[in-house]
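Enquirer: Each chain, written out:
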Amino acid sequence: MSKSPGPLAEEWDLIIQPKTGWLDLHLADLWRYRDLTMLFVWRDFVAQYKQTILGPLWHIVQPLITTTIFTIIFGKLAKLSTDDLPPLLFYMAGVTCWSYFADCVNRTSMTFISNAAIFGKVYFPRLSVPVSIVISGMIKFAIQFALFLAFLIFYWMQGAGVHPNAAIALTPLLLLLMAGLSLGAGIVVSALTTRYRDLQQLVAFGVQLGMFATPVVYPLSMIGGGSFRWLILANPMTPIIETFRYAYLGAGAFNPAYLCYSALFTAIILFIGTVLFNHVEITFMDTV
Amino acid sequence: MSTVIEVDGVWKKYRLGVLGTGTLRHDVERWWHRIRGKADPYSEVDQTTKVESRKSKEDPNGGSGGDLSDDEMWALRGVSVEMKQGEILGIIGRNGAGKSTLLKILSRVTSPTKGEVRIKGRIASLLEVGTGFHPELTGRENTFLNGAILGMSRSEIKMKFDEIVTFAGIDSYIDTPVKRYSSGMYVRLAFAVAAHLESEILIVDEVLAVGDVEFQKKCLGKMSEVAHGGRTVLFVSHNLSSICTLCDRAAHLHGGSLIDTGVPAAVVDRYLKAFTSKTYGHTVNFAKPVTLETWIESASLLINGKPGTIAQTGDSLAIRASFNGSRPVRTLLFGVLVSTVQGDRVLSTNNSFLPWNGPKSAVQRGTITCDLGPVPLMEGTYRISIWYGNHPHHLQHEPNVLGFDLHARNIWGTQHALPQHFSLLWWDAKFHLDPAS
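Protein chains in written order, with numbering that gives the first Met the number 0: chain A, 0 to 287; chain B, 0 to 436.
Wrong hints could be hidden among the right ones.
Just a few of them, taken from the derived set where beta-carbon distance is under 10 Å, the chain A residues facing chain B [stated by the list, open to error]:
| # | residue |
| --- | --- |
| 1 | D12 |
| 2 | I15 |
| 3 | P17 |
| 4 | W21 |
| 5 | D34 |
| 6 | L35 |
| 7 | L38 |
| 8 | A46 |
| 9 | Q47 |
| 10 | K49 |
| 11 | L76 |
| 12 | K78 |
| 13 | Y122 |
| 14 | M284 |
| 15 | D285 |
No wet-lab data here; the hints were simulated from the structure.
Just so it is clear, CB atoms sit at the ideal spot from N, CA and C, and this is done for glycine as well.
Construct the entire structure; sequences and hints are all you get.
Expert: The following block contains the structure:
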């Protein structure tokens, strides 16, 4: 649809039309509703722990158990390389990053399905829901990251072979990349699930398997020149986790070019996701 | 007064049923065509797709068939209406006339298929109160959350917070999780939040049907207060009386088209005439429902024991239904509702509330009669709805299937008859005088 007819068009605050352009992203609306986004973040956090005993402590229990199990299975039993790092720290670094990414993808991909009732009743920028999920995931990430730091300091003082270095300054960038990547992937899926429900199952499964295509339980160095090295490298999460490990533990493949690839990938998927999401949000209520 | 809402030829198409399994392939094919079309503007495929897509954009015309396929329907057919600032517009129409669809388009929950809506100012819509309330959060927390969902900023809510709580009348429970609220408290808080939204336009669906009478009055009062404050209200209701008392103008939607607008009383009057033009007989026959094991085949209205549709004050009414079944049943439920043509429920009863001599053994066929006796109804036109079934299983519900006109008669033989709008009911009261000696 083109612009509304008549010379008085500027007078109107809002024009509701059949189809907005593909690039009409309403990002200003998202900003105007930033209070709502933050309230969603806060609701997620508060509501999740009301009437639980451990509360946010769950965030610490989860990675601890996962890391321990990984250490036993992949470290002790399978004897996978950990780049000569203390296995516990090695796995914890991977698990902390990956679980943030996986959580965000899983939850944002459900955006339309789990909010159908409220989306059907009132308008607000739908994007505020996945954005709030990614932000509230950061709270969890921060807690797990603090746990990781505590272990790191402990090992460091024990004189284990860990070498935190200047690359630590990249942490905010890494977090941002993970947030953007998971948001982008999540909203692409959420937009597609409104038409093809099967995707939802596929994604939960895919994310689970995706961990093995990412150097979470093994280091990139272990892949060597294997024939599927390109697959691991094409995975935009690979450079992020490897950089994270390199920064805090001192071993891992740190390559600015790989990181740039991740950033580019993130930008593209975020863009595609936003466009798809916006396109779906206006017709979504007719298809559920 | 300036125009704040301009609904301009809005059409809305809905697809019925579920999406077929072929959609993915279909979509991929279409996408492939489009991609090729763009890459190769000279190909023949491109020409046809272009023409097709242009045609469907320009001619989504329900009246003339257009591109409406078998599983699609028009919920709105070219609705145009304008609203001035400070006006209360009431929309009436039967179920499925497109009222909710129109509200949904105005509140941006869904988008029109064709046409345009132009709006000046902020819109707040109350399609359902309490949207987004989280049961685990307290009243205070939900007020902020719900306010933000409706489009308020945090500082705005803070400013209005006390007012909201006072309006809802739940001061002492504000820090209790809303899951412990009674449904009345829940609705009161939810409405209070929405009513205090600083918007230029308020869209209200029939949410007011909930809550107790006193609170409903408060809500209606708030709505007219809102309108007198220069804000515009769009109100949808089945309750024609509140449309008449509250609105400045009414619009009648029928089958997705706006067929009448004007002064509420006049529009409502014409609506009722159209609605009642279907004359009621004293007996009505029903098609056999497929899923029920016992059903009524016909029902009659008896006035003083004889089938009829015209009654006079003081006449005895009875509804008799003949039922049939696929097997004998014992627990028959029969219910009757008498309502005014405006939709106000005046009188209702069913045999599960009252003592009755139910069948001693299971029955398969027979008649069941609900004897209302002399009903204390005033002059007017009434509708009767019937429920029937093998309690507590699925019921056969036949809304507004019988009707009668009641004419006034002075049953007491006094000098003055009761005026028609004196009250909803008359009562055969006894008056005593005891002079002080």
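Enquirer: Using the nearest Cβ pair, does W21/A come within less than 10 Å of chain B?
Expert: Hint violated; W21/A Cβ to chain B Cβ min 12 Å, cut 10 Å.
Enquirer: Grab the minimum C-beta distance from M284/A to chain B and call the hint holds if it beats 10 Å, violated otherwise.
Expert: Check passed: Cβ of M284/A comes within 4 Å of chain B, closer than 10 Å.
Enquirer: Using Cβ atoms only, decide whether A46/A comes closer than 10 Å to chain B, and label the hint accordingly.
Expert: 5 Å, holds
Enquirer: Given Y122/A as an interface hint, is the shortest Cβ-Cβ distance to chain B below 10 Å?
Expert: Result: holds, 4 Å to nearest chain B Cβ.
Enquirer: Once the shortest beta carbon distance from L35/A to chain B is found, is it less than 10 Å?
Expert: 4 Å, holds
Enquirer: Hint check: is the beta carbon of P17/A less than 10 Å from a beta carbon of chain B?
Expert: Check passed: Cβ of P17/A comes within 5 Å of chain B, closer than 10 Å.
Enquirer: Holds or violated: the hint that I15/A contacts chain B, with Cβ atoms closer than 10 Å.
Expert: With a closest approach of 4 Å, the I15/A hint holds.
Enquirer: Against chain B, run the beta carbon of K49/A and see if the smallest gap drops under 10 Å.
Expert: Since the shortest Cβ distance to chain B is 4 Å, the answer is holds.
Enquirer: Taking the closest Cβ pair, is Q47/A under 10 Å from chain B?
Expert: Holds, because the Cβ-Cβ distance from Q47/A to chain B comes to roughly 9 Å (cut-off 10 Å).
Enquirer: Does the CB of L38/A sit less than 10 Å away from some CB of chain B?
Expert: 5 Å, holds
Enquirer: Restraint: K78/A near chain B, CB-CB cut 10 Å. Satisfied or not?
Expert: This interface hint is violated because 44 Å lies over the 10 Å limit.
Enquirer: Grab the minimum C-beta distance from D12/A to chain B and call the hint holds if it beats 10 Å, violated otherwise.
Expert: Given a least distance of 5 Å, the restraint on D12/A holds.
Hint compliance for this structure: hints 4, 11 and 12 are broken, all remaining hints hold.
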